[in-house]
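Residue numbers for the sequence shown follow the working numbering, so the first one is 1 and each next one is one higher.
No lab work stands behind these hints, which were simulated from the structure alone.
Any given hint might turn out to be false.
Once the Cα atoms are required to be at most 25 Å apart in a straight line, the calculated SDA-like pairs of lysine to any residue come out as [claimed, not checked]:
id, residue 1, residue 2
1, Lys-472, Phe-504
2, Lys-440, Ile-454
3, Lys-85, Ala-107
4, Lys-230, Ala-100
5, Lys-512, Gln-307
6, Lys-84, Lys-230
7, Lys-85, Phe-223
8, Lys-163, Val-217
9, Lys-512, Ile-306
10, Lys-85, Leu-214
11, Lys-230, Ala-94
12, Lys-230, Thr-91
13, Lys-512, Phe-453
14, Lys-440, Phe-244
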Amino acid sequence: MFKRFFTRKQTSILSAAFAIAAMVFTSRVLGLVRNRLLTSHFTPDEIDLYFAALRIPNFLYEILIAGAITVAFIPVFTSYLSQKKQEEAFTIAAIILNIAGIIVSIAVAILIPLTPLVLRVIVPGFTDAQIAETVYYTRIVLVLQVLPLVIGNIITGILQSFKRFLIPAMAPVVYNIGSIFGIVVLTPAWGLSGAIYGIGLGAVLFLIIQLPLLATVAYHHRFIVSLRHKGLWRLVRLMLPRTFVVGASQVDATIDFMLASLIGPGSITVFAFAQQLQLLPIGLFGLPIAQAALPTLSEYAAEGKIQAFKDSILTSLHQILFFVFPASAMLIVLQIPIVRLFYGADQFDWPVTVMTGRTIMYFSFSLFAQSMILLFSRAFFALQDSRTPVIVAVGSIVLNSLLSLLFVMWLRLDVWSLGLSTSISSIIHAFALLYVLDKKVHAFDRTRLFLPFIKIMTATAIMAIFIRIPVKLLDTLVFDTTRTFSLLVLTGIASCIGLATYIFFAWFFNIKEVLLFMVFARKLTKVKDILFEPSREVGGE
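With the hints as constraints, model all of the structure from the sequences given.
Put into structure tokens, the structure is as follows:
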């Protein structure tokens, strides 16, 4: 039974999204634990080196994986499965795995000697000593992290195409466990190098945990490289535009990184911590629902079921918004208590705490938009249209880069302005995608599209007010928030009041997604019922 729990299909978007969300939540929390441990062992200046060492490897990884292979791979792989051509699907998977391994190995071999030169461009605010130390750390990550993560993510695409979501969703969890092991166990003897080696350990675990499940879907790897396979070129046609977008996005992220290094010591840490904290609700709600919807959207698109395709997008969109909007409100209103709870260590002082909270606030204004982008981008790729989202994404990326340069280089604003530029460009990006997608699928029903949106926003605004009032009163009159326990109680009380208020007004406004929340609440004691729900799609009419 234990084996069956981990290997069974999750056949509905609800069951798949729950499996992904549960593991993403665990992974994100472990990521925050890792960051808290970093602040306990190192100063913000030292943590700057840690994140700087990840920039080049992450750039390479994101170009190859973050949407480029996985988002393009799943529609192509699924198309073979839907035509009952499983062996052909396995052949294209083997070809992609082998080619990816070769490309990564060559890229790492080229980047290792170029690391000092590239880092001087990426972190111009670093001293020569900081550059030299970061070069050493970067080379470790390049060798140990990139290849296992790239191969592991392609395997994730294979397993998700077979509607196995639980184990692939656990892979990031073990990745963070490896990182934490490095900080806790290796750091006392090796210093920051121990934390870096922990990253490599986590990447290897990310790959290994998925291999047993891969065998259960009857996949047998073959070491073949065929450049003539039609499926390969279908994937390349889908992948190249997305690779261009991801590459441009990574250039944009690198510009933010450069600007943060110029603002002053510790600014990279503030930016990275704020960015990772705002990714928690996106990873918990936006990504799981969007990721779980992709195979279903791909099937509807392949079968020409456009109305079912539109219905699936709308239900998934409203479920994302139902969860992400209140999470945004909590991060905005409770920014300082949350930062102190997650990152409050002796070496993470009050000015850094305030700046991190302010940066999170500006990021949080666009959490809904960033989540919408995840869903809409996958909708276009399910339709095997890679050109349209590329054009929209590049425009958004250029806008974000220009705003970041304007805020930091000309207006001389602090690191929080990078969060503001991200929010402005993300909101424009999301609604531009929605506009184009609406035209492509011959228009969504306007009432079904916007009425739940307005209701959810209204309930969220009321919730924010009901959080703010008790926070001010309890902080002033009751709790000594210099103590962690009091801070935890204050944050918990305010969050519970806010959540109860939101659920009440969601019910009052007849937001149907509140029923989904209640179903989740009832079934949390019966996780199996959610993970293996046989047929009902999330939010189905």
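Here is what the structure says about each hint:
1. Lys-472 with Phe-504: 22 Å, holds
2. Lys-440 with Ile-454: Status holds; Cα separation ~24 Å.
3. Lys-85 with Ala-107: 33 Å, violated
4. Lys-230 with Ala-100: Measuring from Cα to Cα gives roughly 17 Å; hence the hint holds.
5. Lys-512 with Gln-307: 20 Å, holds
6. Lys-84 with Lys-230: 17 Å, holds
7. Lys-85 with Phe-223: 20 Å, holds
8. Lys-163 with Val-217: 10 Å, holds
9. Lys-512 with Ile-306: 23 Å, holds
10. Lys-85 with Leu-214: Holds, because 18 Å separates the two Cα atoms, which is no more than 25 Å.
11. Lys-230 with Ala-94: Judged against 25 Å, a Cα distance of about 14 Å means the pair holds.
12. Lys-230 with Thr-91: 11 Å, holds
13. Lys-512 with Phe-453: Measuring from Cα to Cα gives roughly 12 Å; hence the hint holds.
14. Lys-440 with Phe-244: 22 Å, holds
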